[in-house]
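Letter by letter, the chains look like this.
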Amino acid sequence: MYQSKNLALAHYWVAFAVFIVAVPLGAWQMLMRSPLPAPLDDSAAYYASVTLHGTAMAYGLTTFFAMGFGYAVAATSLGRPIRGMAWAWIGFAVCLIGTVLAVLAVLSGHASVLYTFYPPLLGSRWYYAGAFLLIGGSMIWVVLMVVNMMAWKRDNPGRPVPLAMFAITATALLWAWAASGAELELVGILLPRSFGLGDLVDAGLGRTLFSVTLHAIVYFWLMPAYIAFYTLVPQAAGGRLYSDTMGRLTFIMFLVFAIPVGLHHLFVDPEHGSGFKYLQSFLTFLVVLPTLLTIFSLCASMEIAGRARGGRGLLGWIRALPWDEPIVLAAVLALLMFAPGGGGGLINMSYAMNAMIHNTAWIPAHFHLVFAGTVVIMYFAIAYEMWPRITGKPLRSKRLARWQLWAWFWGMLITTIPWHIAGLMGQPRRVAAFDYSDPLMARTAPLTIISVIGGLILLGAAILLIVILVRSHFGERAAAAPMGYALAVNPPARVPPALNGFALWNAVLAVLMIVTYAYPIGQFFFLKQHSVPAVEVTGRINVMGVRQ
Amino acid sequence: MSRDRGPFRLDIPWTRIAWSLVAGFVVVSFLLGFVVLGRYQQSGPPLDVWNAICRAIGITADTGPAGEPQPPLQTPTRVAWTRATLEQVASGNEQKGAFIALNCGACHGEQGVSSSNLIPILAGMDAAVIYKQLDDYRSGKRLWGVMSAIATALTARESADVAVYFASLQNGLPPIAGEGFPQGGRSLRQPDPTLRLIFVGDPGRGIPPCAVCHGPDGQKVGAPALRGQHAAYIERQLASFAQGGRQNDINEQMRTIAAALTQDEMHTLAAYYGAK
Chain R
1 MYQSKNLALA HYWVAFAVFI VAVPLGAWQM LMRSPLPAPL DDSAAYYASV
51 TLHGTAMAYG LTTFFAMGFG YAVAATSLGR PIRGMAWAWI GFAVCLIGTV
101 LAVLAVLSGH ASVLYTFYPP LLGSRWYYAG AFLLIGGSMI WVVLMVVNMM
151 AWKRDNPGRP VPLAMFAITA TALLWAWAAS GAELELVGIL LPRSFGLGDL
201 VDAGLGRTLF SVTLHAIVYF WLMPAYIAFY TLVPQAAGGR LYSDTMGRLT
251 FIMFLVFAIP VGLHHLFVDP EHGSGFKYLQ SFLTFLVVLP TLLTIFSLCA
301 SMEIAGRARG GRGLLGWIRA LPWDEPIVLA AVLALLMFAP GGGGGLINMS
351 YAMNAMIHNT AWIPAHFHLV FAGTVVIMYF AIAYEMWPRI TGKPLRSKRL
401 ARWQLWAWFW GMLITTIPWH IAGLMGQPRR VAAFDYSDPL MARTAPLTII
451 SVIGGLILLG AAILLIVILV RSHFGERAAA APMGYALAVN PPARVPPALN
501 GFALWNAVLA VLMIVTYAYP IGQFFFLKQH SVPAVEVTGR INVMGVRQ
Chain C
1 MSRDRGPFRL DIPWTRIAWS LVAGFVVVSF LLGFVVLGRY QQSGPPLDVW
51 NAICRAIGIT ADTGPAGEPQ PPLQTPTRVA WTRATLEQVA SGNEQKGAFI
101 ALNCGACHGE QGVSSSNLIP ILAGMDAAVI YKQLDDYRSG KRLWGVMSAI
151 ATALTARESA DVAVYFASLQ NGLPPIAGEG FPQGGRSLRQ PDPTLRLIFV
201 GDPGRGIPPC AVCHGPDGQK VGAPALRGQH AAYIERQLAS FAQGGRQNDI
251 NEQMRTIAAA LTQDEMHTLA AYYGAK
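Chains R and C, in that order, give the protein sequences. Each residue of the first sequence is one higher than the one before, counting from 1 in the numbering used here. Each residue of the second sequence is one higher than the one before, counting from 1 in the numbering used here.
Among the hints, erroneous ones may be present.
To be verified - Calculated pairs, SDA-like style, for lysine to any residue (alpha carbon to alpha carbon, straight line, at most 20 angstroms):
| id | chain 1 | residue 1 | chain 2 | residue 2 |
| --- | --- | --- | --- | --- |
| 1 | C | Lys141 | C | Thr152 |
| 2 | C | Lys220 | R | Lys153 |
| 3 | C | Lys96 | R | Pro120 |
| 4 | C | Lys220 | R | Ala58 |
| 5 | C | Lys96 | R | Ser43 |
| 6 | C | Lys220 | R | Pro120 |
| 7 | C | Lys220 | R | Ser43 |
| 8 | C | Lys96 | R | Gly198 |
| 9 | C | Lys220 | R | Gly198 |
| 10 | C | Lys220 | R | Pro533 |
| 11 | R | Lys153 | C | Thr152 |
Said to hold, decoys possible - Partial chain C-side listing against chain R, Cβ under 7 angstroms, derived:
| id | residue |
| --- | --- |
| 12 | Gly140 |
| 13 | Trp144 |
| 14 | Val146 |
Because the hints were derived from the structure by calculation, they are not lab data. Bear in mind that the values here come from a model prediction, so they are computed numbers and not experimental data. The C-beta atom is built at its ideal place from N, Cα and C for all residues, glycine as well.
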């Protein structure tokens with residue numbers, strides 16, 4: 001992997017360091033929400049904790065992991081050193097500084113605005129600055145991915161870009177488009193206001209801009225898992241990828257359809273008419289297509305592997321799969337969690353059904369099942385797959401790794417299934433303290449207690465992950481096979497230019513963004529004033545009565 | 001990404017198919033969202049196409065509340081926490097304030113620490129709070145004979161001066177400590193009902209926690225920090241809000257909360273904050 005080894009490893013370590021800090025917070029929040037006694041039960045601390053947990057998991061873990069994964073994929077799939085190593089390290093440093101700033105701001109108790117910012121809530125300027133640097137620093141990664149892919153294409157005219165590289169570049173472009181919303185909100189609204197410019201906050205505009213990010217960011221998180229489904233899992237299973245073209249189409253569809261759909265997070269927000277909400281709800285359903293393609297392709301690739309390993313009969317190939325490979329097991333567990341999680345997502349994105357579960361505990365349950373379940377379990381598996389190849393030291397025990405994956409799987413189900421049900425019963429989200437003496441809430445008490453048990457299992461699994469990685473890190477060196485990506489059953493000799501680059505798809509996306517967002521964003525500039533006074537959570541007043 | 005195949009060259013099948021599909025999706029969803037949905041979504045007779053589209057983009061002149069009778073506007077105060085207001089408060093002059101404060105000492109104490117427990121301690125109180133109360137007395141939004149007369153004699157600038165002066169005095173209300181390390185017992189598990197009201201409120205009765213506005217940790221502009229204030233004064237103000245005698249809380253929050261409290265609760269809450 002040339003010199004990119006240390007680069008990828010540094011990103012992975014920061015990602016998992018952030019992760020291991022944020023997991024106990026999540027477990028404690030579960031305890032706080034339940035009727036059980038909780039240490040340090042302070043409602044103000046709960047919101048600070050939710051902010052930190054969300055920021056660490058949604059921005060920190062994912063961004064660092066995707067960047068590290070991208071560098072590893074670029075180096076190994078193209079088979080040559082990464083161009084712009086110095087820039088990559090600069091990007092890493094900027095992201096790290098941003099993360100530290102944001103974490104310190106939240107720990108000081110002056111930024112409990114939750115990770116989605118929620119204007120008119122207004123927190124510490126350092127929190128926004130940190131988030132801005134973290135997201136902004138990752139744009140260097142985006143540029144590097146594009147540059148590396150283009151350079152390879154120039155040097156290999158007419159040859160198809162390897163699927164893994166094509167997919168990670170799609171991920172980078174997706175992230176660049178998606179992050180534009182949050183960056184514009186930070187630069188245009190929150191940072192100026194937190195530095196004292198202006199009195200009011202345009203909450204409607206801020207929320208609309210963030211919605212550009214809010215849904216697509218989920219696909220940014222998801223993409224490393226999908227790339228693993230297409231390239232790493234079939235390879236580890238000893239088979240071949242069912243179709244290279246299907247993979248390319250999947251990642252193109254994610255790029256095009258993941259972003260102009262964010263208004264489905266604002267179904268009950270009053271500042272938008274029903275037309276654009278419906279339009280984006282309609283487009284959201286198109287995201288189901290690449291997901292279904294992926295599930296089909298993964299199952300087909302697994303069957304190819306199973307039959308190649310001697311499996312016979314209608315289902316005999318399933319037993320023939322190499323279940324002792326952590327990434328094969330993880331892929332199946334991920335799909336098992338994705339089935340109910342994705343189904344829940346269909347409810348959330350439906351304009352009419354959304355009203356039943358909006359702002360209830362169903363929503364955090366849903367995104368934990370999909371993100372913390374499906375996506376993060378694949379992050380673990382990717383780490384188990386890549387760590388030995390980066391460090392040259394194999395996993396000490398694949399068995400322990402399998403245990404860890406099973407624990408995470410069961411922990412996530414035990415946490416999120418009762419959580420979903422509590423949401424259906426009407427338990428609201430973003431609430432620190434529930435009055436369980438209220439008969440309506442009392443019914444959800446046993447469910448939240450089960451979720452606490454799930455949370456503790458997840459905490460144990462997270463610690464086990466770190467133990468496995470550290471143990472392997474200090475283990476003995478052994479020759480490891482170089483990073484390999486599954487070949488397709490029919491490896492493409494040539495692909496149409498549309499499936500080998502993103503010019504067409506960026507243009508399509510740009511048009512879709514104009515169609516779906518030009519009016520919802522533009523209206524704030526010509527309709528009546530939407531700005532409202534900020535609700536500051538900085539908690540500090542100087543003696544002169546003017547907020548700092 | 002490359003010059004040799006423009007994204008708009010429709011003679012290439014991929015380009016043609018991609019644009020046709022996207023255009024198809026957009027047209028179908030526009031028709032459904034802006035015409036069909038807008039036409040039939042509301043109860044009542046279906047709208048014509050133009051009104052359906054207007055409704056779908058959120059402009060609903062035909063169905064909006066604009067034509068409904070509006071209740072007469074009642075403002076509980078003339079003060080709004082705009083930057084201009086806060087800057088006016090901050091520009092107060094301490095020396096001038098000290099001179100004006102000579103009129104206050106008889107009741108509020110020479111150093112802003114009153115001896116009567118029904119008269120609030122002003123030393124160390126947030127300047128914005130004092131400024132707002134003076135303005136409310138001046139405009140008749142808060143009623144108390146002596147204070148109304150005194151405040152009427154002051155200009156807004158003089159109010160700011162005297163507010164800043166009292167805010168600067170030591171030995172009165174303790175300074176606001178700010179957020180500290182999380183402390184246990186600030187949730188609904190707290191067995192002491194008074195502490196529970198202060199730190200988590202009572203969701204069942206719609207009472208938010210006192211502490212988020214009045215300290216000890218959180219603090220909102222315009223809400224006085226209560227720690228160290230005379231308990232009897234706090235209790236009287238709670239009763240006054242509950243009975244509607246005092247109506248100068250901007251969002252009617254104190255009238256709502258106080259009306260939900262029992263007399264015992266008012267007493268113990270005041271005692272908690274008043275304890276030195």
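query = Looking at the structure, which of the earlier hints fail to hold?
reply = Numbers 2, 3, 4, 5, 8, 11, 12, 13 and 14, in rising order.
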